[in-house]
Each structure stands twice: as structure tokens, then as C-alpha cells.
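Undergrad: Construct the complete structure from the given sequences, taking the supplied hints into account.
In my numbering, the protein residues as written are 40 to 154.
Careful, some of the hints might be misleading.
Stated by the list, open to error - In the DMTMM-like style, the derived pairs of lysine to aspartate or glutamate whose C-alpha atoms are separated by at most 20 Å in a straight line are:
no., residue 1, residue 2
1, K112, D102
2, K112, D94
3, K133, E123
What the hints assert, rightly or not - Taking CB as the label site, the calculated pair distances span:
no., residue 1, residue 2, range
4, T126, A93, 42 to 52 Å
5, I138, N117, 29 to 39 Å
6, G124, I103, 53 to 63 Å
7, T126, V146, 29 to 39 Å
8, R101, A125, 32 to 42 Å
9, R101, A121, 26 to 36 Å
10, V104, Q80, 35 to 45 Å
11, A93, N132, 55 to 65 Å
12, T105, G139, 26 to 36 Å
13, I145, G124, 50 to 60 Å
14, V148, D113, 44 to 54 Å
These are calculated hints, taken from the structure and not from any lab test. Keep in mind the model is a prediction, meaning the values are calculated, not measured. From the three backbone atoms N, C-alpha and C, an ideal C-beta is built for every residue, glycine too.
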Amino acid sequence: MFSNNTGGNISVDRSFNTGSFNTTSVSTVETDHGAVQGALQNNATNTATLFALADKLFSGSRDIVTQNQNLAKDLSSNANKAYEGATAQANGNKTMMLIGVAVVGIVAVMAWKYK
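TA: Here it is as C-alpha cells:
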């Protein structure tokens, strides 16, 4: 807030803190103006850097989630194939066992019949 045109009280408010100083020198005001401009430019640069870093971080996280999703799909597919293979093998073994029992039964009946 400027109180006089000839240089009087200047109040600076930053982050809920207020500081006041008196000056009658135009060069002091210009120097302070340059310092404030530099600080604002530095803040803008830091904010842009922060956004770029956040973008890289989130895009990296998205890639990791995609990789994990693909890995889960592959694991699920492999588990299904293994289950199907085990089921087919169990069914095949069951058939072979039934054939074996039938052959043993036929042999036993024939042996008993011709005894």
C-alpha cells in the first residue's frame, strides 16, 4: 500500500506476515521492485520445474501400473492353462485307470471261468 506519491510508507504482505519500511529514495524502490520481480520469476521457474517433475512421476507410475496389470493378466492366463492341463491329465489318467480296471476284471472273470 503506497501512502504518498513522494515516497512514504510502503507495506509488504507475504504469507500473512506484514512488514513496513519508509523510503524517500526512488532507486531503493526500483531495486526492491527488481528483487521482487526476480523472486517472482524464480518462483515461476520453480513451479514449472515442480510440475514437470510431477508429470514424470505420474507418467512413470502409470507405466508401472500398466506393467503390473499386464503381468497379472499373464499370470492369470498361465494359471488357467496349468489348471486346464492338470484337468485334462487327470481326466486322461482316470480313463486309463478305468481301462486298466476293466482289463483286470476281464482277466479275472476269464481266469475264474476256466478254472
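Undergrad: Is 42 to 52 Å respected by the C-beta to C-beta distance linking T126 and A93?
TA: At 49 Å between Cβs, range holds.
Undergrad: Note whether the CB distance of V104 and Q80 lies within 35 to 45 Å or breaks it.
TA: 36 Å, holds
Undergrad: Indicate whether the distance between the beta carbons of R101 and A121 respects the range 26 to 36 Å.
TA: 31 Å, holds
Undergrad: With 26 to 36 Å as the target window, see if T105 and G139 comply at their CB atoms.
TA: 51 Å, violated
Undergrad: Does the Cβ distance between G124 and I103 fall inside 53 to 63 Å?
TA: 31 Å Cβ-Cβ, so the 53 to 63 Å window is violated.
Undergrad: Given the proposed pairing of K112 with D102, does the C-alpha separation stay at or below 20 Å?
TA: 15 Å, holds
Undergrad: T126 and V146, beta-carbon distance inside 29 to 39 Å?
TA: 31 Å, holds
Undergrad: Take a look at whether the Cβ-Cβ distance between I145 and G124 falls inside 50 to 60 Å.
TA: Violated, at about 32 Å.
Undergrad: Measure nothing beyond the straight line between the CA atoms of K112 and D94; if it is 20 Å or shorter, mark the hint as holding.
TA: 27 Å, violated
Undergrad: Going straight from one Cα to the other, do K133 and E123 come out at no more than 20 Å?
TA: Judged against 20 Å, a Cα distance of about 15 Å means the pair holds.
Undergrad: Take a look at whether the Cβ-Cβ distance between A93 and N132 falls inside 55 to 65 Å.
TA: 58 Å, holds
Undergrad: Just to be sure I understand the hint, the distance between the Cβ atoms of I138 and N117 should be within 29 to 39 Å; is that true here?
TA: 31 Å, holds
Hint compliance for this structure: hints 2, 6, 12, 13 are broken, all remaining hints hold.
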